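Trainee: What follows is the residue order along each chain.
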Amino acid sequence: GAGVSQSPRYKVAKRGQDVALRCDPISGHVSLFWYQQALGQGPEFLTYFQNEAQLDKSGLPSDRFFAERPEGSVSTLKIQRTQQEDSAVYLCASSLALGGEMAGYTFGSGTRLTVV
Amino acid sequence: SQQGEEDPQALSIQEGENATMNCSYKTSINNLQWYRQNSGRGLVHLILIRSNEREKHSGRLRVTLDTSKKSSSLLITASRAADTASYFCAPLTGGGNKLTFGTGTQLKVEL
Chain E
318 GAGVSQSPRY KVAKRGQDVA LRCDPISGHV SLFWYQQALG QGPEFLTYFQ
368 NEAQLDKSGL PSDRFFAERP EGSVSTLKIQ RTQQEDSAVY LCASSLALGG
418 EMAGYTFGSG TRLTVV
Chain U
631 SQQGEEDPQA LSIQEGENAT MNCSYKTSIN NLQWYRQNSG RGLVHLILIR
681 SNEREKHSGR LRVTLDTSKK SSSLLITASR AADTASYFCA PLTGGGNKLT
731 FGTGTQLKVE L
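If you read the protein sequences in the order shown, they are chains E and U. Position 4 (the first sequence) corresponds to 321 in my numbering; numbering is contiguous. Position 7 (the second sequence) corresponds to 637 in my numbering; numbering is contiguous.
None of these hints come from the bench; they were simulated from the model. As the structure is a computational prediction, the values presented were derived from the model and not from experiment. Check each hint, because a few of them may be wrong.
Said to hold, decoys possible - Cross-link-like lysine-lysine pairs, in silico, DSSO-like; alpha carbons within 30 Å at most:
#, chain 1, residue 1, chain 2, residue 2
1, E, Lys374, U, Lys738
2, U, Lys700, U, Lys656
3, E, Lys395, U, Lys728
4, U, Lys728, U, Lys656
5, E, Lys374, E, Lys395
6, U, Lys700, U, Lys738
7, E, Lys395, E, Lys328
8, E, Lys331, E, Lys395
9, E, Lys374, E, Lys328
10, U, Lys700, E, Lys374
11, U, Lys656, E, Lys374
12, E, Lys328, U, Lys728
13, U, Lys686, U, Lys738
14, U, Lys656, U, Lys699
15, U, Lys656, U, Lys686
To be verified - Facing chain U, according to a computed beta carbon distance under 8 Å, are these residues of chain E, among others:
#, residue
16, Phe362
17, Tyr365
18, Asp373
19, Phe383
20, Phe424
Unchecked claim - Across the chosen pairs, the derived CB separations fall in these ranges:
#, chain 1, residue 1, chain 2, residue 2, range
21, U, Ser642, E, Gln401, 28 to 38 Å
22, E, Gln397, U, Ser688, 26 to 36 Å
23, E, Ser404, U, Lys699, 36 to 46 Å
24, E, Val329, U, Arg684, 45 to 55 Å
25, E, Glu369, U, Leu741, 47 to 57 Å
26, U, Asn668, E, Gln401, 41 to 51 Å
27, U, Asn682, E, Ala420, 14 to 24 Å
28, E, Leu372, U, Glu683, 19 to 29 Å
29, U, Arg684, E, Gly333, 30 to 40 Å
30, E, Gly333, U, Asn648, 20 to 30 Å
31, E, Lys331, U, Gln644, 41 to 51 Å
32, U, Glu683, E, Ser375, 20 to 30 Å
Think of the CB as a built atom: it goes at the ideal place given N, C-alpha and C, for glycine as much as any other residue.
With the rest of the complex left out, here is chain U (with noise of 0.2 Å):
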């Protein structure tokens, strides 16, 4: 069964815009991390929050959790063409072993 659950299923803006996509999970977590997935390639760790903490930056990257909510977001500044691509949360349970993915958001930036 899928834990997290990302919103949009499907993102589609113009180069430069910012992209933001939301992510729902059930139970308590260690913590959350997104990936990222080329069409047909393997996945690539973006960043990982804890369940600690509330908000986390990488380069174009920010990342919020809130665990009262279970609910996580990823935030793409100046997005490029290059981003194109599929985006999963992944939270991680199941005594800090098991990182369980949702359906994605497929994110598509138009030049």
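Looking at chain E on its own, in the form it has when it is part of the complex (with noise of 0.2 Å):
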């Protein structure tokens, strides 16, 4: 595709219930991030993937939260047992080269996940 697609563009969660966040990245790029962006914040790292490996998830904050890319490309966020805490945009972001290099990382418009 154009860009990076991101699904729901909006979730609202009830405590306790499992999301599942959905990135379907540039057809292409090998490299897929996930950040979680609270409000007035930058962006923090959450994992990420070369093709179907998840090579880095130190940013996940807590086991409730689980990435997968199966097939090396769409990419689910899942959060189980939702908290209040977890209320924030999520952003998924693709990358053609290694660290960005030919073109930076191109981000999604984000899900917005509110937990109430």
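Both chains are sitting in their own frames, so use the hints and assemble them into the complex.
Mentor: Laid out in structure tokens, this is it:
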């Protein structure tokens, strides 16, 4: 596609509910990243994939967070038993070259998660 | 934890003026990137400067990098109202894969 597509655009979840956020990266981009952005803050790194391999998950805040990219393209970020502190915008980014050397990272518009 | 830290946190200027934003970071980097974020939208890549470069230009943007001081600056010349946005610096660390962001500079360009 022309850009990174994320769905849903908005998600309201009741506390304790499980949610799944989807990211469609740009075709051919091997690197895929997930970030969490709280209101008024910068994006915080969550996890990184190179093709289907999850190479870094050091930013995942707890074991309730799980990400996968089984076929090296679409990725899903799953949050189990959501808590109010999980409320944030979740951003996905993809990159053609390592470190964004050619054109930086391309970000999607994000999924705004609100836990009530 | 945030790697890049921008200064100032907020900046308000008149259209046509230049805007300068500064960034400091903590560890060695592979490159440093600047991004813009409009309210409620995703981040847009502006410019990338490699660790062995000192200055780079792209249109009305000028970026400098001082690795000895672990700092960078972004200059936007002849600002326009459409430049109103949050600007983030993002040092590339973690073996060359992890882009980390500060809290950003909120730029407001008034007519």
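Trainee: Hints first: check each against the structure and report whether it holds.
Mentor: Hint-by-hint comparison with the structure:
1. Under the criterion of a C-alpha separation no larger than 30 Å, the hint pairing Lys374/E with Lys738/U is inconsistent with the structure, at around 35 Å.
2. For the suggested pair Lys700/U and Lys656/U, the alpha carbons sit about 7 Å apart, so the restraint of at most 30 Å is met.
3. Proximity of Lys395/E to Lys728/U is assessed by CA-CA distance (about 21 Å); at most 30 Å being required, the pair is judged to hold.
4. Taking the CA atoms of Lys728/U and Lys656/U, the gap is about 14 Å. The hint holds against a cut of 30 Å.
5. For the proposed pair Lys374/E and Lys395/E, the alpha carbon gap of about 13 Å is at most 30 Å, so the pair holds.
6. The suggested pairing of Lys700/U with Lys738/U holds, with an alpha-carbon distance near 26 Å, which does not exceed 30 Å.
7. Between Lys395/E and Lys328/E the CA atoms are separated by roughly 13 Å; this keeps the pair inside 30 Å, and the hint holds.
8. In summary, the hint linking Lys331/E to Lys395/E is supported, as the alpha carbons are separated by about 15 Å, within the 30 Å threshold.
9. Of the pairs offered as hints, the one joining Lys374/E and Lys328/E holds, with about 23 Å between alpha carbons and a cut-off of 30 Å not exceeded.
10. Only pairs whose Cα atoms come within 30 Å are accepted, and Lys700/U paired with Lys374/E is accepted, the gap being roughly 26 Å.
11. Under the criterion of a C-alpha separation no larger than 30 Å, the hint pairing Lys656/U with Lys374/E is consistent with the structure, at around 21 Å.
12. A threshold of 30 Å between alpha carbons decides the hint, and for Lys328/E with Lys728/U the separation of about 27 Å falls inside it, so the pair holds.
13. A hinted pair counts as satisfied when its Cα atoms are at most 30 Å apart, and Lys686/U with Lys738/U qualifies at roughly 24 Å.
14. Using a Cα cut-off of 30 Å, the hinted pair Lys656/U and Lys699/U holds, with the two alpha carbons roughly 10 Å apart.
15. Distance hint between Lys656/U and Lys686/U is fulfilled; the C-alpha atoms sit about 21 Å from each other, no more than 30 Å.
16. At a threshold of 8 Å, the smallest CB-CB gap from Phe362/E to chain U is about 6 Å, leaving the interface hint in force.
17. At a threshold of 8 Å, the smallest CB-CB gap from Tyr365/E to chain U is about 6 Å, leaving the interface hint in force.
18. Satisfaction of the interface hint for Asp373/E is found here, the shortest Cβ-Cβ separation to chain U being roughly 6 Å, below the 8 Å cut-off.
19. Hint status for Phe383/E relative to chain U: violated, with the closest Cβ pair at about 19 Å, above 8 Å.
20. Nearest Cβ of chain U to the Cβ of Phe424/E: about 4 Å, under the 8 Å cut. The hint holds.
21. Range check, Ser642/U to Gln401/E: about 33 Å between beta-carbon atoms, so the 28 to 38 Å window is met.
22. Gln397/E and Ser688/U have their C-beta atoms about 43 Å apart, which leaves the hinted 26 to 36 Å range violated.
23. A C-beta distance of roughly 37 Å is found between Ser404/E and Lys699/U, which places it inside the suggested range of 36 to 46 Å.
24. Val329/E and Arg684/U have their C-beta atoms about 48 Å apart, which keeps the hinted 45 to 55 Å range intact.
25. For the pair Glu369/E and Leu741/U, the beta carbons lie near 49 Å from each other, so the given range of 47 to 57 Å is met.
26. Between Asn668/U and Gln401/E, the C-beta spacing of about 27 Å breaks the proposed range 41 to 51 Å.
27. Judged by the Cβ atoms, the range 14 to 24 Å given for Asn682/U and Ala420/E holds: they are separated by roughly 19 Å.
28. At about 27 Å, the beta-carbon gap between Leu372/E and Glu683/U stays in the expected band of 19 to 29 Å.
29. Here the CB-CB span from Arg684/U to Gly333/E is close to 52 Å, at odds with the stated 30 to 40 Å.
30. Under the hint 20 to 30 Å, the C-beta atoms of Gly333/E and Asn648/U, about 51 Å apart, miss the expected range.
31. Range check, Lys331/E to Gln644/U: about 47 Å between beta-carbon atoms, so the 41 to 51 Å window is met.
32. Distance hint for Glu683/U and Ser375/E: a CB-CB separation of about 28 Å, consistent with the stated range 20 to 30 Å.
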